[in-house]
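Novice: Throw the hints in and build the complete structure from the sequences for me.
First to last, the protein sequences are chains A and B.
Following this note's numbering, the residues of the first sequence are numbered contiguously, the last one being 1118.
Following this note's numbering, the residues of the second sequence are numbered contiguously, the last one being 639.
Incorrect hints may have been included.
Pairs of lysine-lysine, DSS-like flavour, derived with a Cα cap of 30 Å [claimed, not checked]: (1) B:K95 / B:K159; (2) B:K338 / B:K305; (3) A:K1101 / B:K422; (4) B:K580 / B:K422; (5) B:K178 / B:K114; (6) B:K305 / B:K570; (7) B:K159 / B:K580; (8) B:K422 / B:K371; (9) A:K1101 / B:K428; (10) B:K580 / A:K1101; (11) B:K458 / B:K95; (12) B:K580 / A:K1034.
Quick list of the computed label-pair ranges, beta carbon to beta carbon [said to hold, decoys possible]: (13) A:E1080 / B:P153: 47 to 57 Å; (14) A:E1080 / B:D411: 47 to 57 Å; (15) B:P373 / A:K1111: 30 to 40 Å.
Quick caveat, the hints were computed from the structure, so don't treat them as lab data.
Just so you know, even glycine gets a beta-carbon here, dropped at the ideal spot from N, CA and C.
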Amino acid sequence: MKMLDTIKDFIVRNFLFGDAGTLTHDTLLLENEVVDSTGLLEIIEFLETTFSITIEDHELLPQNLDTIKNIAQFVSNKKGNEQCAV
Amino acid sequence: MCGLAGFVSLQNNNHGMHLASLKTMVRSMNHRGPDESGVYIDDFAGLGHCRLSIVGVLGGTQPIHDEDKTLWIVFNGEIYNYVELRNNLVRRGHRFYTRTDTEVIVHLFQEKGMKCVEDLNGQFSFAIWNPDKKELFLARDRLGVRPLHYSVYNGVFYFASEVKAFFSLPGFPREMDEKSLDQVFTFWTTLPGRTMFKNIFELMPGHTLCINDRSQKQHKYWDIPLYPREAQSDFPLATLVDNVRELLIDSIRIRLRADVPVGTYLSGGLDSSGITALVVKNFNTNVRTFGITFGDSRFDESNYQRQMADFLSVNHSEVAATNLKIRENFNRVIWHAEKPLLRTAAVPLFLLSQQVRKSNIKVVLTGEGADEFCGGYAIFRETLARRFVAKNPCSRFRLRAIEELYPEIFASPRARLTMHGFFSQGLTDVDNPFFSHLPRWKTTARTKSFFSEDLQRTLQSYDGLDDCAAFLPHDFGKLDAVAKAQYLEIMIFLSNYLLSSQGDRVAMGNSVEIRFPYLDHRLLEYLGRVPTHWKILGLNEKHILKRALSDVLPAQIVNRTKQAYRSPVQESLIDNSDDIFPEAYISEQKLKATGLFDPKKVLLLLEKVRSGNVGSETDGMALSGIVSTQMFYNLFIADFSPELSDCTFSIIEDHRTNR
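Specialist: Pasting the structure below:
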């Protein structure tokens, strides 16, 4: 499954309980009340486990986590960087 | 402490007003008063009562009457200043035939009519019937400690302590009010006066209701005493502290009045520790104390309880609220609460009152009210902090300042992300009267996404906030931000949830009476005059109370970080080795039967919880709300089986012309 779909699927199951409604990859998650603030912590945990990455505290920024597209971009960058580091 | 019930004919209609119906209503509430029962009936009205004997144990069977039997009363509760009131009335020539507080009300009513309530210091609901005038007078205490419901059915006015008394009458309509369900899934409880049932109402706290065949007049005799700064006191802090302590001690003194032993609940927090310490120091060194323990350290306070019990050398009993016990007793608690609950916290208190009763104690003092009136809850400090940020939301300095003020909740960078999100909600709404509570209510209302399509269609665009606004007093806008938050917290959460579902109902479920020293109206009126900055100093909560209690408590108890009383939800309700419980209430079939929730969504929530993902507080509220609504619906709407106990009616006053 594409990363975008994996993330969207998690959000739909976990926060919307199957009801995707009008959710797109560009929907602002907090502003549109898809995810509440404690939900962000669940997303971070999900990203770390599913994509085997470690998110540093200084990376916990709204621009990294505010839409599905930005989350996927952020994870891709991290994975790319980690591979480079190896 | 007791249960009361009755009916009055409206427009000369006495359909269904039988002695047997009256007895049935009383028998259905026997847990409220297992010691004695009595009834009064004439051609126009009936009064029924079951009694838990505490004051004037012998000879206090109700209904009670005045000298010439022109007034008849049934009463639930306690009037703590009855000794003084009685002496006064005797001096004025009134003659008494019992030693009870109940009889005092009758004579006070003779003197002052409906204004009698202003003189009463206590927790009460009562009904006085005047057969000559054919007039019924109902009253409820200032904060609604004691319940009182009413309804009109087939042209007859019915009233009772609990709704189950109505439903025990064959044919009495049982219909759930969907808007009330919406309110529970927003405010954690229904708004004042509302019940979970259509056409059944609750007399609001601080109100009286006068009924005859021409009219029904409702009157508000007391409002929550919170005042704008200019109406508050300028006394020095030391004076305020001394007066608060004195009032609290006097409140405890009169709340220990009983002809049976009185115990205390000891949670290990400031409020209940303070009460217990004042009892031991001033009145009773042998008081029995009771506390709840949890296996999970996030909820457990037993170390502090034991520390206090050792410090005071009292006989302390513990009840372990295990996940299994919470799960097993949840349905029983919903039976008593007559409402769905978004948290499980009422269950451990039900287990606690069970322990109290087993220990042969009928009465306990407890610490509710201090957090509301002295500024203890986090929501009050959050309100201050959010207003501070709202003045300039872009200022990083302001956010940092808040972090310094709340080191514990900004402890980890990840939690900080959450808290910044929280503090940033609704910052443009500073002038909204609900500013303090909007983030909480919005978060709670997310649980409504589990409502079925049918239910959502029925509710359409209903918004409980519109109804809530109607209850605010006209000068609400003059209060400071914390006082506004206090008003909302007291009006909604204290009266309709803490004192009811988590108070009266779970205590009376085991025939135990709870008394609230912090809710003495003299103390509340005084605290209303104390400036907000003495309640929350900087961001140190309950400053004035800490000062007032510092002489009688160990420093560790006074200075400990406040821990809100909570109990596990996900962990207690869902255990992967127990399929029977979810199957019994939230299987696809059971959900379809009530039609209130979307089975697919509930299944995903269940999967999430089962996977070990504890999830957010919202998930917990949703789970508890869904499970308890299903229980509620099965117990009261889909079916109803009254529990009719065998009562002996030691008084049957039958005044009907054609028996």
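Novice: Determine for every hint whether it applies to the structure shown.
Specialist: Here is how each hint holds up against the structure:
1. B:K95 / B:K159: violated, 34 Å
2. B:K338 / B:K305: holds, 17 Å
3. A:K1101 / B:K422: Since the Cα atoms of A:K1101 and B:K422 sit roughly 26 Å apart, the hinted pair holds (cutoff 30 Å).
4. B:K580 / B:K422: holds, 23 Å
5. B:K178 / B:K114: holds, 27 Å
6. B:K305 / B:K570: This hinted pair holds, its Cα atoms lying about 23 Å apart.
7. B:K159 / B:K580: holds, 23 Å
8. B:K422 / B:K371: holds, 22 Å
9. A:K1101 / B:K428: holds, 27 Å
10. B:K580 / A:K1101: Holds - the C-alpha atoms of A:K1101 and B:K580 are around 27 Å apart, at most 30 Å.
11. B:K458 / B:K95: Holds: B:K458 and B:K95 sit about 28 Å apart, inside 30 Å.
12. B:K580 / A:K1034: holds, 25 Å
13. A:E1080 / B:P153: 47 to 57 Å: holds, 54 Å
14. A:E1080 / B:D411: 47 to 57 Å: violated, 41 Å
15. B:P373 / A:K1111: 30 to 40 Å: holds, 34 Å
In summary, the structure is inconsistent with hints 1 and 14 from the numbered list given earlier, while agreeing with the others.
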